[in-house]
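> Each protein sequence line maps, in turn, to chains S and X.
Using my numbering, read the first sequence as starting at 1 and increasing by one per residue.
Using my numbering, read the second sequence as starting at 1001 and increasing by one per residue.
Careful, some of the hints might be misleading.
[What the hints assert, rightly or not] Under the rule of at most 25 Å between Cα atoms (straight-line distance), these lysine to any residue pairs were calculated in the SDA-like manner: (1) 1142(X) to 402(S); (2) 21(S) to 1077(X); (3) 329(S) to 257(S).
[Stated by the list, open to error] Covered stretches of chain S (chain X as the covering partner; in silico rule of three or more C-beta atoms under 8 Å from a C-beta of chain X): (4) 30 to 44; (5) 82 to 89; (6) 256 to 270; (7) 275 to 287; (8) 405 to 413.
These aren't lab readings, by the way, just hints derived from the structure by calculation.
Cβ atoms here follow ideal geometry from the backbone N, Cα and C, with glycine treated the same way.
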Amino acid sequence: MNSSTELIMQGVVLTCLQTEKFKTGCLSINLLTPLSRETASKNALIPMVLCRGTATLPDMAAISSRLDSLYGARLKPVVRKKGEIQVIGLYADFADDAFIPEKSSILEHISELMGEMLLMPKTRGGLFIKEYVESEREKLLELIRGRINDKRAYSMQRLFELMCAMEDYSTDKLGSESETESITANELTRHYREILSVSPIEVFYCGSAEPKRVKAAVKAALASLPRCEEEADLGTDIRMNSLEETPRYFEDEMQVTQGKLAIGFRLGECMDEPNSAAIRVFNAVFGGSVTSKLFMNVREKLTLCYFASSLIDLHKGILAVSSGIEFDKYDAALSEIFSQLEAVKKGEISDYELSAAKSFVASDYRTIEDSPGALEDFYLNQVLIGPECSPSELAALAEVITVEEVVKIAKGVECDAIYFLRGTTEEDS
Amino acid sequence: MQKEYFKNIDETLISEVLPNGLTINIIPKPQFSKSYAMFATNYGGADRRFKLAGNWIDTPAGVAHFLEHKMFDMPDGNALNVLSSRGASPNAFTSSGITAYHFESTSLFDENLRTLLSFVSTPYFTAESVQKEQGIIGQEIKMVEDNPGYVVYYNLLKCLYASNPVRDTVAGTVKSIAEITHETLYHCHKVFYNPSNMTLSVVGNVDPEKVIEAARELLPSAPGEVPERDYGEKDAETPHQSVQKASMEVSAPQFLFGSRLVPESRGTSRLRQMLVGEIALRAVFGSSSPFYTRLYAEGLINSSFEYELDYTAGTAMLVAGGESRNVDGVMNELKDEIARISSEGLNKTLFENAKKAHFGSLLRVLGSFSTMSQAMADGAFADYRPLDAFEEIKNIELADVQNFITQNLTTEKLALSVVSPLER
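Looking at chain S on its own, in the form it has when it is part of the complex (with noise of 0.2 Å):
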């Protein structure tokens, strides 16, 4: 696999990996966006919005058969957090030219799809056409109504949003009710063409074409992007210590029947300079893998929950700890999850745990060399945060990680929120 990273034009980079492995290709257009309460829903509209139509493809019906007769094509809005950095964007996978029927240049198709609908939206007297922006608006508020269908989920957005209170990481990458219900298409279109102008971009593109002719192809789509010289500015605050001296509580109630428990730490001195291999190895001991302390004690032992597992966010800082258990198991799960963290903190890591721990992380890391999304995920976030290596070089990192490392990552774990998400108390379920 040959990976080759060039500025094309003015603040946007194509990354492009070639490989003849798989049989489905994958190109991305992304811009990077401040995360914040005030612009979130608004960018996260945006793409759904270009989704809709376009200069010479006016409709979803004319899109979307566009795509099907490109051998089904995927085109998709994309809206991801990375930290405080919002990106929004295009992302597209679609069959490799050598296998289907009739000979055809797909890539070019796309990119050229793509182009249009970043650059010529289907407007009226220069705006969005309001109908489509005030339908994919409804779209998104009920897309951020229903995360209380998914209540794990919902339980850990909940803890972030309220533990980060005081930081942009409390906004959720779709913003919120409220900021989106009153947005225009008139407002929508003028920000649009504002984050448009200033955004960088990055491209990422995996398949069997060579990187000169997806350069050639990416450069016509985006030919009449508009840049201005001043960039957004972009970077995430990575808070170092929780906020009190005692973790804060925080709790909703709803009609269910098992508890959702979500638990936030700062990750803390290991932040300074992050090797991330070893904050991945410390997490798989801890909660991160099925060898893991969270899941062989509370889940497995203790039986005190259905799941327990843990989670890192690299890009903020933070470490977060999801369970669910009987609401009346809620000291014992509590106080089980904080002595296994201890434990590790003490150094009690048996070499089987650790050596788990690190083939769980090699293996992980090399799996993302198998798959054009997950490669594109793991490019998008070096690009943000580095390391400048490959999967399989942060695979060989992973694989002689020390236990003297995994405790030093873990003393500086300190535990900032706990989120409880109980049954409502006047009603029996």
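Use these hints to put chain X onto chain S, whose structure you have.
Chain X only, in chain S's frame:
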């Protein structure tokens, strides 16, 4: 060992049936880091009543799923830990029709495969471990009760089927799993986990000969009896009940409608029915269809709208649904659309595009080792090869798809399930 090269998609399929009846299918992928193996038994949540040596035997709901949880226990430890400690990602699932154990790994594949074959073929249960698992599964059952997707799905099945056990949740109930003992587990393992009732699928960077060798060496050499199953009285052609409604903590009504097909149970006719059905569903409900684009623009549905064709435990059905503030409106539009297709016929361009798009989605599946392995397992139990789809799809005609639509999407064949927000 049979080896076949599929030139159109540049893939090779290695197949073998061992003397003990085990079917093995392997797709080597030498350029990849990872490999994936799935060892599956043709035994799922719906297989509760079966005939063995002439006698009918009844078992409680949830045994197949319970077994899945307990199979990882070995006399000398836990297979999940053994595989995980080598960096593999093992897991398992139980559907109404099958139970499958699988792992993905980027190193030590041969060792991992040996562990997989050994633990699935070695039952080891104790009264204590069974009792402990009742607590864990009890939590799992409660957790899914809070999942609106799960509730809307099973309520639809309860509409479509009056007696077939696919209508009951695979995990059973807290009450039914309380009846399960370690003897029940030993017995059902003996009956359903014999090589004649199982299949092994492998996709990845592997040496096929070593895969076959491991299976030959580690599994019992004698074939077993494939038990006959009883899925209850034959259900009528039309749904048992037309609508089922529930209320939960959701933001907006979640709906799912569906209809039962008369399944082609085996072979190429089954593969063909799947292709026709999938193209038909895409033509009616896909993102470029008149139905989808109109309802999306009108705000009746959003991008959560999905559809699928599902074969399990001798049944076949089509389901579609998503989220809508006006479910009745969606159902009325559907009725009109099917009437329109019946009278005007299906648009030719729409059909051609749906066929092309489905070809693309089949190609996409080749990149997902887990989906491909499961497709080969399903194929092994129903006697067809998923890789033949790339040729077979060329034979699908507009009339096939049109017939499928007018036969299976009529009002009298459809049932509807809705989960609405709680009244405040």
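> So, for every hint listed, does it hold in this structure?
Hints, one by one, checked against the model:
no. : hint              : result
1   : 1142(X) to 402(S) : violated (40 Å)
2   : 21(S) to 1077(X)  : violated (38 Å)
3   : 329(S) to 257(S)  : holds (13 Å)
4   : 30 to 44          : violated (count 0)
5   : 82 to 89          : violated (count 0)
6   : 256 to 270        : holds (count 3)
7   : 275 to 287        : violated (count 0)
8   : 405 to 413        : violated (count 0)
Consistency note: the structure conflicts with the earlier hints numbered 1, 2, 4, 5, 7, 8.
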